[in-house]
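Student: Here is how the chains run, residue by residue.
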Amino acid sequence: MLGYIAKRTALILPVVLGVCVIVFVLIHLIPGDPAMVMLGQDASPEEVARLRSAMGLDRPLAVQLGSFLLRLAHGDLGVSIFQGEPVSRLVLKQLPATCELAVASMLIAVLIAVPLGVISAVKQHSLVDVASMGFAQLGVSMPVFWLGVLLILNFSLRWGLLPSVGRGKPFLEGLAVLLRTGDYLPLADSLRHLTMPALTLGLTTAALITRMVRSSMLEVLHQDYVRTARAKGAPERAVIYRHALRNALLPVVTIVGMQFGALLGGAVVTETVFAWPGIGRLAITAISQRDFPLVQGCVLVVALVFSLLNLAVDVSYTLIDPRVRHGIAQRQ
Amino acid sequence: MRKNKLVLATALVLVLVTMAGCRGSSSGPSAPASEPRQELRVGLDVDAGTADPRLARDTSARRVVDLVFNGLVWLDPELKPQPALATSWRQIDPTTWEFTLREGVKFHDGSELTAEDVKYTYDTLLDPAFKAPYRSLYAPIKEVIALDKYHVRFVLSQPYAPLLSYLDMGIVPRAAAQAAGDSFGTKPIGTGPFKLVKWEKNNRIEFEAFPDYWGGVPKLEKVTFLIIPDNTVRAAALEAGDVDLIHSPLSAQDIPRLQANPKLKVEKTNALGFTYVSFNCADPILKDVRVRRALAHLIDKKTISSTIYQGMDTPGKSPLVPAMWAYSDEIKDPEYDPARAREFLAQAGWKDTDGDGVLDRGGKKLTISLKTHSEDPNRIQVVEFLQNEFRKAGIEATVETTEWPTFRDAVQKGDYQLAVLGWLALVDPDRAMYNQFHSRGASNDGKYSNPRVDELLEKGRATTDIEERKKIYREAAQIVVDEVAYAVILYQGYVVAYNQKVSGFQIHPNASFASLARVTIK
Chain A
3 MLGYIAKRTA
13 LILPVVLGVC
23 VIVFVLIHLI
33 PGDPAMVMLG
43 QDASPEEVAR
53 LRSAMGLDRP
63 LAVQLGSFLL
73 RLAHGDLGVS
83 IFQGEPVSRL
93 VLKQLPATCE
103 LAVASMLIAV
113 LIAVPLGVIS
123 AVKQHSLVDV
133 ASMGFAQLGV
143 SMPVFWLGVL
153 LILNFSLRWG
163 LLPSVGRGKP
173 FLEGLAVLLR
183 TGDYLPLADS
193 LRHLTMPALT
203 LGLTTAALIT
213 RMVRSSMLEV
223 LHQDYVRTAR
233 AKGAPERAVI
243 YRHALRNALL
253 PVVTIVGMQF
263 GALLGGAVVT
273 ETVFAWPGIG
283 RLAITAISQR
293 DFPLVQGCVL
303 VVALVFSLLN
313 LAVDVSYTLI
323 DPRVRHGIAQ
333 RQ
Chain B
4 MRKNKLVLAT
14 ALVLVLVTMA
24 GCRGSSSGPS
34 APASEPRQEL
44 RVGLDVDAGT
54 ADPRLARDTS
64 ARRVVDLVFN
74 GLVWLDPELK
84 PQPALATSWR
94 QIDPTTWEFT
104 LREGVKFHDG
114 SELTAEDVKY
124 TYDTLLDPAF
134 KAPYRSLYAP
144 IKEVIALDKY
154 HVRFVLSQPY
164 APLLSYLDMG
174 IVPRAAAQAA
184 GDSFGTKPIG
194 TGPFKLVKWE
204 KNNRIEFEAF
214 PDYWGGVPKL
224 EKVTFLIIPD
234 NTVRAAALEA
244 GDVDLIHSPL
254 SAQDIPRLQA
264 NPKLKVEKTN
274 ALGFTYVSFN
284 CADPILKDVR
294 VRRALAHLID
304 KKTISSTIYQ
314 GMDTPGKSPL
324 VPAMWAYSDE
334 IKDPEYDPAR
344 AREFLAQAGW
354 KDTDGDGVLD
364 RGGKKLTISL
374 KTHSEDPNRI
384 QVVEFLQNEF
394 RKAGIEATVE
404 TTEWPTFRDA
414 VQKGDYQLAV
424 LGWLALVDPD
434 RAMYNQFHSR
444 GASNDGKYSN
454 PRVDELLEKG
464 RATTDIEERK
474 KIYREAAQIV
484 VDEVAYAVIL
494 YQGYVVAYNQ
504 KVSGFQIHPN
514 ASFASLARVT
524 IK
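Chains as they are written, first to last, in the working numbering: chain A, 3 to 334; chain B, 4 to 525.
The shape of chain B in the complex, shown without the other chains:
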């Protein structure tokens, strides 16, 4: 009996303590009522893999880098390079660029930024042993020379127009990075507006304002990234006031509810990414462009956008996305037209000769497999939707959904017919097309090859005139759309939802958090 009473008493004390905590926290025990605490809590979907800008691979890592580091340039919302750690730059000849560094910039450890740090950052990035994921984007850099303390020269092996767009990568301090070795990725030191002060893996990352920030002391004293994997729960945490800001990926169904909430503000912009169907042009069935065109005519982009994505992502046409300066609405893509699809298939010899409802040729049924990865529920719905459309057109379509590494492995080995996936962070049209469609492109999974496209993509890299580049990429984009190397299904949207008390946040197509340096809490 006494034991029971003890259990009851303990339970009662625990409940009381919990309830007391509720009151304590809602009134905010330490914050004075008049001045709001300048702290921003951000809900992220995944933990950052690293805080080293050279190794940053996932979007969370890039958000951490946005706060802790600065690049030579920063890309404004129109993606034009603006001065950051470099105050000015000039192109001496097609393969030589010279940058003048901002003087008196301090790293978080108090040391001063010099040209040696810039050289060290790019030298390590380009070293294959360093395993930088985006090394290939910087491969045309032959040498980086520190001319003096504040001047640095980039020597290229070939003219490379997209270079400036990639120089927003964070600069690391040579001495500190060398001393830290592998641990630099968890204890980063940069020149950015915030210092990373605490990192509990899979849980939270805490930042504090850097008082010596060259761009002026940030108004926010503290920024905390909370890792909340589930999209709906992350939205609920924003509504409950447990976080102040969340951003894509979000579940399309949650957005109308967030928009209707008077305490919240929801902003949307075109992202630098697209979702596409990759066609394996080396496949015996798909190497016939008529079959690829037929399948492209069976993709109802409008319905996919409006039902599966509820308008969050919009129907796409070409790899040149609307947020890009090279974007053009005039590119013609195969429209949803099942009748036309059947015509193309008939031209390619696929007819239903035995009346079983499935097209065949030479006694073989037309079978197409669709693959995607299991991490994105929307993409799973897309492949299932396409499977249904293909079946209606007399194609025996199968769906295979596996987790990312297995899926990526299959696609990279060319072990697929159709695969649904996406590209992100396409800050330059070269980034969206060269590796994907050049016959020697590193990510040309479908082995697409067209000499004219190769020639255009080479020319696009070498030309610096932006109008000329626009023409080049639009022509190349029209060819790859016509020959259906990819079917771009959707232009991705980028959504940010935040508490109305957050002021000064600027949405960026590349999902950048750089504007947090100017955010205040009202």
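Okay, chain A solo, but in the shape it has when bound:
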């Protein structure tokens, strides 16, 4: 088992490196560079060329890639061209906001999707099933920005319940204050700001997961061992949750992991609508300014997070499904 994890962890390095190299080449190949963006519309082509050469952007791409990789090997992500701050610091500053939103959204999604999916599978073709599949269809097809704006118009504008935009106090900071002093206002501020963006992302993600839980459950419910469980007189609740759901979870965990990775990679649209200061917006700004080091930094972190999540999902298979565990043991 440990050997499996070690092997998988070792594979992360070439994946992340590969992503970095591909992105490096792509971002350098598309037209436009930071020198031009920096000097703006007023600069002459000669001035831009001068700055381009001063920034070392006129060197062959292979040379630039080499020096980038060399710095990366030393753990140096460089300095953002436009913000003048170390890339690592900028990315780490935005990462908590992204994590907070991703965790909250995923929590909402799972809390809605798992019960809903199970119920619609157990009561297939019932009213609940039709309604939940209707919700899933709606959630999958509804554009995120539209849902976001809709929530803002109702919760902020019409009912004045929640702040329309921005991030309040960091959640953990609010929680710490509550535990230390008993003052609940910072945590409330954090939750009030978090509610709408998390709902927006959570509902659309829930829609996807609900469908997955339902179809996976339906498949499992028709298996022999479920019939056997019922036949031996196990209570229906135990049949569904202990025997069926646990076996149905494998594909669900995969999709949850992938979705979680996508959320952590930055939900750009939601972050833009709710002015949420996450890593997605940082990356988009960096790309539109051709801030090469910052783009690389964002991509590196996202690729790393994605790879680690994938690993976590694979490891969790072995916890959920003993067959996988044994399979690994046999292969080894």
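Be a bit skeptical, because a hint or two may be false.
Unchecked claim - Sample of chain B residues facing chain A (criterion: CB under 8 Å; computed from the structure):
id : residue
1  : Pro143
2  : Ile231
3  : Thr235
4  : Ala413
5  : Asn438
6  : Ser442
Unchecked claim - Here chain B is said to cover these stretches of chain A; the calculated rule only asks that three of the stretch's residues, wherever they fall, bring their Cβ under 8 Å from a Cβ of chain B:
id : segment
7  : 35-47
8  : 50-59
9  : 81-94
10 : 151-157
11 : 164-172
12 : 273-283
13 : 290-296
What the hints assert, rightly or not - Below are the DSS-like pairs computed for lysine-lysine, each with C-alpha atoms no more than 30 Å apart in a straight line:
id : chain 1 : residue 1 : chain 2 : residue 2
14 : B       : Lys450    : B       : Lys395
15 : A       : Lys171    : B       : Lys201
16 : A       : Lys171    : B       : Lys504
17 : B       : Lys83     : A       : Lys171
18 : B       : Lys83     : B       : Lys134
19 : A       : Lys171    : B       : Lys266
20 : A       : Lys95     : B       : Lys204
21 : A       : Lys171    : B       : Lys395
22 : A       : Lys171    : B       : Lys190
By construction, these hints were calculated from the structure, which means they are not laboratory data.
Fair warning: this is a prediction, and the values are worked out from it, not measured in the lab.
All residues carry an ideal CB built from backbone N, CA and C; glycine is no exception.
Starting from the structure of chain A, add chain B where the hints point.
Tutor: Chain B in isolation, oriented as in the chain A frame:
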């Protein structure tokens, strides 16, 4: 089962805390009911790139600089230079200007403003290694000399009339800026009415009143810029009371709703910018002025203004915009007239010889590509609208929309036929015309060239008499309009919407926030 109860209880506590927060915040836990808190929250579309006035490039950076810094002069809403850090100035000869500084002005770090700071600010700005985006505007400055503590002299390499209009750039303290190096852009120190106290990138910038401000302590204790990228959401945040003031860019569709809201005030003025079609005069098809004129006659500016921009931006004519002192309504531009367009095209030899509905010449079809950038949805609509008009006139028109750096790269390299883009912050007619239309102009993307225009633009720079300059620029503007180097589609409007409780805000064509020093919350 117990696990379920735990989850339910946690959820209930979180909901209760959230709801409690709603009540807590709406009643304003710390503010006494009688005196409103003197805090202004402003919604901006993008984060500022820097707070260093010498490097300020985007409009948000310039709004930050408005609060934190002062220039030697400030431009009033009529764009006339008024005393700021300089109390007076005189022109000794055509290439020498002398400024007397205000005495006893304090920077936010407590140090006093001297002529050395002014010299340092302009010396660094002019140093190519400093990478200042607007360096070219100051290029005619040969030397800045600190004569004594309160007197500074600008020596120019040639007479340069627009100089005063550009001297509103913020003065930085030499010692602090040198010590801070690159970090000065995030921890600025100026002489302005507000100190920048906190900057969370992509989220918010917080300012506090500077008690030693030379212009008197600002009434507002705190100003917060909140970065809200989406135009409609920014408008909703204003309506919901989450911000107190927003300004252009705004979606035209949101403005009637804001105007109808009794809690809000919406003000509009002519901005110092225009939206235009750049014609690549070096292009084999477009180098024929008759083709350019024909295309100009196919641009229905009125419809573009009234439908796409819903009247927020008005139909344009020339690079001299209405907010400029050189503006003239008498400049004649090619009007929307498809019949005339066809005549011009026929004169240039473009006729539909094979009856397929597309004009051709020498066996080649007339194809025109229109480019713009994807960041501005209105401009995308403009190019699509023009594509349709061109097609109706028998031109095979294509549209290419890419994000700004790619688009700008293509335009700068001359890799385009027609491109829709805009100019902003045109505080002087020289700023709107010299770089754009002089054959050696830095931003003459379309390679337009006319010796008479070159001569006029040189003369406009060297002449200080404002009436004389008006004549010069109007003549030059009429020529570039006639020869269709640009087709100015729209004069940009500048809209500010704010809560009725905000009092004392003065709208400025250059979008300046300088009046926040006098704003109060009722």
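Student: The structure should be examined with respect to each hint, and the outcome stated for every one.
Tutor: Status of the hints after comparison with the structure:
Restraint check, proline 143 of chain B versus chain A: the minimum CB separation of about 14 Å is more than 8 Å; hint violated. Taking 8 Å as the C-beta contact cut-off toward chain A, the hint placing isoleucine 231 of chain B at the interface holds, the least distance being around 4 Å. Interface restraint check: threonine 235 of chain B against chain A, minimum CB-CB distance 6 Å, threshold 8 Å, status holds. With its C-beta approaching chain A no nearer than about 7 Å, alanine 413 of chain B sits inside the 8 Å limit, and its interface hint holds.
The beta carbon of asparagine 438 of chain B comes within 6 Å of a beta carbon in chain A, closer than 8 Å, and the hint placing it at the interface holds. The criterion of a C-beta within 8 Å of any C-beta in chain A is not met by serine 442 of chain B, whose closest approach is roughly 12 Å, and the hint is violated. With 11 residues bearing a CB less than 8 Å from a CB of chain B, the segment 35-47 of chain A meets the requirement of three and the coverage assertion stands. Given a C-beta distance limit of less than 8 Å, the hint that chain B covers the segment 50-59 of chain A holds, as 4 residues qualify and 3 suffice.
Counting residues of the segment 81-94 of chain A whose beta-carbon sits less than 8 Å from any beta-carbon of chain B gives 5, enough to reach three: the coverage restraint holds. Counting residues of the segment 151-157 of chain A whose CB lies closer than 8 Å to any CB of chain B gives 3, which reaches the minimum of 3, so the coverage claim holds. Here's how the segment 164-172 of chain A fares: 6 of its residues keep a CB closer than 8 Å to some CB of chain B, so the rule of at least three is met and the hint holds. As drawn, the segment 273-283 of chain A meets chain B at 6 residues by the rule of a beta-carbon pair under 8 Å; at three or more, the given contact holds.
Counting residues of the segment 290-296 of chain A whose beta-carbon sits less than 8 Å from any beta-carbon of chain B gives 3, enough to reach three: the coverage restraint holds. About 28 Å separates the Cα atoms of lysine 450 of chain B and lysine 395 of chain B, which keeps this hinted pair within 30 Å; it holds. Taken as a hint, the lysine 171 of chain A and lysine 201 of chain B pair is honoured in the structure, with Cα atoms around 14 Å apart against an allowance of 30 Å. Taking the CA atoms of lysine 171 of chain A and lysine 504 of chain B, the gap is about 27 Å. The hint holds against a cut of 30 Å.
Using a Cα cut-off of 30 Å, the hinted pair lysine 83 of chain B and lysine 171 of chain A is violated, with the two alpha carbons roughly 44 Å apart. With a C-alpha separation of about 28 Å, the suggested pairing of lysine 83 of chain B with lysine 134 of chain B holds against the 30 Å cut-off. A distance of roughly 28 Å separates the Cα atoms of lysine 171 of chain A and lysine 266 of chain B; the hinted pair therefore holds under the 30 Å criterion. Distance hint between lysine 95 of chain A and lysine 204 of chain B is fulfilled; the C-alpha atoms sit about 9 Å from each other, no more than 30 Å.
With a C-alpha separation of about 56 Å, the suggested pair lysine 171 of chain A and lysine 395 of chain B falls outside the 30 Å cut-off, and the hint is violated. This hinted pair checks out: lysine 171 of chain A and lysine 190 of chain B have alpha carbons roughly 22 Å apart, not beyond 30 Å.
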